[in-house]
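Could you build the full structure based on these sequences and the hints that come with them?
Order-wise, the sequence lines are chains G and E.
Residues 8 to 668 (the working numbering) are what the first sequence spells out, left to right.
Residues 7 to 173 (the working numbering) are what the second sequence spells out, left to right.
Be a bit skeptical, because a hint or two may be false.
Said to hold, decoys possible - Among the chain G residues that face chain E by a calculated CB cut under 10 Å, a handful are:
{"hint": "1", "residue": "Pro-395"}
{"hint": "2", "residue": "Leu-404"}
{"hint": "3", "residue": "Arg-528"}
{"hint": "4", "residue": "Val-531"}
{"hint": "5", "residue": "Val-537"}
{"hint": "6", "residue": "Tyr-540"}
{"hint": "7", "residue": "Pro-587"}
{"hint": "8", "residue": "Gly-606"}
{"hint": "9", "residue": "Glu-607"}
Keep in mind the hints are simulated off the structure, nothing from the lab.
None of these values were measured; they are calculated from a predicted model.
Cβ atoms here follow ideal geometry from the backbone N, Cα and C, with glycine treated the same way.
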Amino acid sequence: MIPEIGNFALMVATAVAVVLGTLPIIGAARGNVRWMELARPAARVLFLLVVVASSCLVASFLHDDFSDVYVANNSTHALPLPYKLAAFWGGHEGSMLLWLQILSFWIFAVSIFSAHLPREMVARILGVMGLVALGFLLFIILTSDPFDRLLPAAAEGNDLNPLLQDPGMVVHPPMLYMGYVGFSVAFAFAIAALLGGNLDATWARWSRPWTTVAWTFLTIGICMGGAWAYYTLGWGGWWFWDPVENASFMPWLAGTALMHSLAVTEKRGGFKVWTVLLAIFAFSLSLLGTFLVRSGVLTSVHAFASDPRRGVFILLFLATVIGGSLALFAWRAPKVGLGERFEMISRESMLLTNNVLFLAAAACVLLGTLYPLILDALGLGKISVGPPYFDTVFVPLMAPALFLMGLGPLARWRKANLPEIAARLKWAFAVSVICAVVVPLVEGRWSPLVALGILLAAWIFGTSVVNLWSRVRPGAGGELRAKLAALPRGYVGMLVAHVGVAVFVVGVTLVKGYEVEKDVRMDVGDTVAVGPYTAKFDGTTEGEGPNYAYLRGQFEILKGEHLVRTMHPEKHQFNARNEPMTDAAIAPGITGDLYISLGEAVSQTAWVVRVYYKPFIDWIWCGCLLMAAGGVLALSDRRYRLAQRRATSSDVTEAGAASGA
Amino acid sequence: MKPRTKRLTVVLAALAAAGVAVTLIINAFRSNLVFFFTPSQIAADEAPRNRAFRVGGLVEKGSVHRDGTTVHFTVTDTAKSVAVTYEGILPDLFREGKGVVAQGRLETDGVFHASEVLAKHDENYMPPEAADALKRARSGQPDSTATLIVAQPGAKSPVGAAAGKAQ
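Okay, structure coming up:
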């Protein structure tokens, strides 16, 4: 019964999405107020219906209803409760429903927080989002229904993929999807602006917080994906340039560019056409990512789907959305206008350069991800693009971007004075150079790439400090503390996010430069030295987990002569699927992690063991979290709350002027 | 400089920079393309000797043996096979009779020295390259599959399943 209710809710939602995707947009074009007014109620009903459908799926998982094919494929009686919830998005059908759930959540959020927008704008935005929702509803109902029945019902389910039975995996997909799908709001704003033919600073102010929210979620989501790979896959890497990772990274690159471009549009009225184009790119890359991950075209962990109908549907959907929006762009962009002019050396030009570098990086990732797929699809042979390609391309593209990141925030809008900036930054530069020389020497081995990484990280940090100091320097006009408190949150958010990038760069540089990876054969009593530690193998014991059997190794970790800790890496054998899984033991630390995982048994007592030392790897996650924290700070900026309050006191003159046609 | 000449210089400089960037990218791309060869192609001497490539197929039953941390095994597409050595720890789902893809170089001794071994994360899932190798071997030399299955009764079911899945 419950799955039928879910299915029915999805069908009704489809009808509602048709209404939402057509009438308000037509109404906005014809000036029909009643049709436009339909947008908000329809958006809320759509959200409620999808919530009903999702709740039905959750209920089926909690009841162990193995007459539902999807539940039977992704759960067992013995699966622990949190993983029964995570199993919701453990397979293809459920993750599509999650996509839709999050999209309808964003639609709902826009319908609530749009009181200050003019009627036409709201109608168009919600209408565009309704059309996207319609596409996903049709996709779910036609090709991947999570409520399909299995008759007769299975006695026991097939269990959740063991790799996904990890706390990180409970949160990673929703975070990532919040980000992916969140770009649909920026996209809808852009399309609405193109339809309305007017795009100005107020438009940018409205769409900025939505973009920042989406970007923040995506940042956290990607960071958790990397951490998951590191903690769960059992071989100590955190980023493999796997197509699935690239699929989430491309929208992030485009989204980062979009966020900065929106800043220029809001503050200076510049980059208008460029901003719209970036909004289209960011969402298109999100859709492309969904296609890559969900259609089964990849040789990868995430390729659960193998039904060609799905691939064709997503491809058609993708072609419609991207083709349609680019066509609209080509037709309407000339009306929008290019925006304010600026000099060759100015904050605008630096932001534009960084934008171009980010997009170039996204294009390189796209090339490396799609080229093998296209060759394969055309029957021209099977190839793969190695991680060295991405590494080689990223360093030269990102190095200038990171350098400009230090300069940009200190440069003036419209026309900047290079000698003046140089004078302000000479100390920051000197300190960076000293760090770049000293850090590699302290770590023990000099390498140009490490020096470059440290140089850029210290440069970003140093220029941020100079920037902050110039704003809060005590003296004329108040105390240090008062000045600190008066700093706009948007500005503080920018500094925090940039420092986050610096921290991230330190992590990546030092891990890449100084990690120690030893795969060794160890018998009971053997020791191996790695980094500052010595690990001693004490043998293994056996036991039973909730839905798996395990073998647990014991290692004593010595620093010099002292026992620092014991570590217990495990091997799990999952009962339902009879699949093995490696559970690494990790001792985290600010200056580096010790990472031990069991490989294979080579005799009764001896094992091949991975013993790794990963210097500063936690700085990578820390940096990402700082970037996300910067996003959150920027969102709490006073001007957004003011805008909200002004709108509720029925001041819509500014908004009305902005909507134009 | 006049504003026009200045703008022209900027445009030309940007174009030059873009040109250099694209050249570098294409270069990096070409030198990091990893091609895929089947054991039959390697046997026919079609695989390159001086660059890394991938080979895929099934891990031949009974071929895996270890010597310290070095692993030796044979990858077969049911028609031909190639000896592989790998230094390190194999993925969890590496099994005899299952699909595998190895990346590395073919050395002068005719042994494939793998730097990376991929076995995918699902018991029944066959890496597409491995499935493709089997399919090609089967369509090219229909007799040899039968020979192998007869020679190794144990290998029958995975080979059948894999080839079926590939089609």
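These are the hints, each one checked on the structure:
1. Pro-395: Because about 5 Å separates Pro-395(G) from the closest Cβ in chain E, which is inside the 10 Å limit, the hint holds.
2. Leu-404: This hint holds: Leu-404(G) lies near chain E, its Cβ roughly 8 Å from the closest one there, short of 10 Å.
3. Arg-528: holds, 5 Å
4. Val-531: violated, 17 Å
5. Val-537: Since the shortest Cβ distance to chain E is 15 Å, the answer is violated.
6. Tyr-540: violated, 20 Å
7. Pro-587: holds, 4 Å
8. Gly-606: holds, 3 Å
9. Glu-607: At about 7 Å, which falls below the 10 Å cut-off, the nearest Cβ of chain E leaves the hint on Glu-607(G) intact, so it holds.
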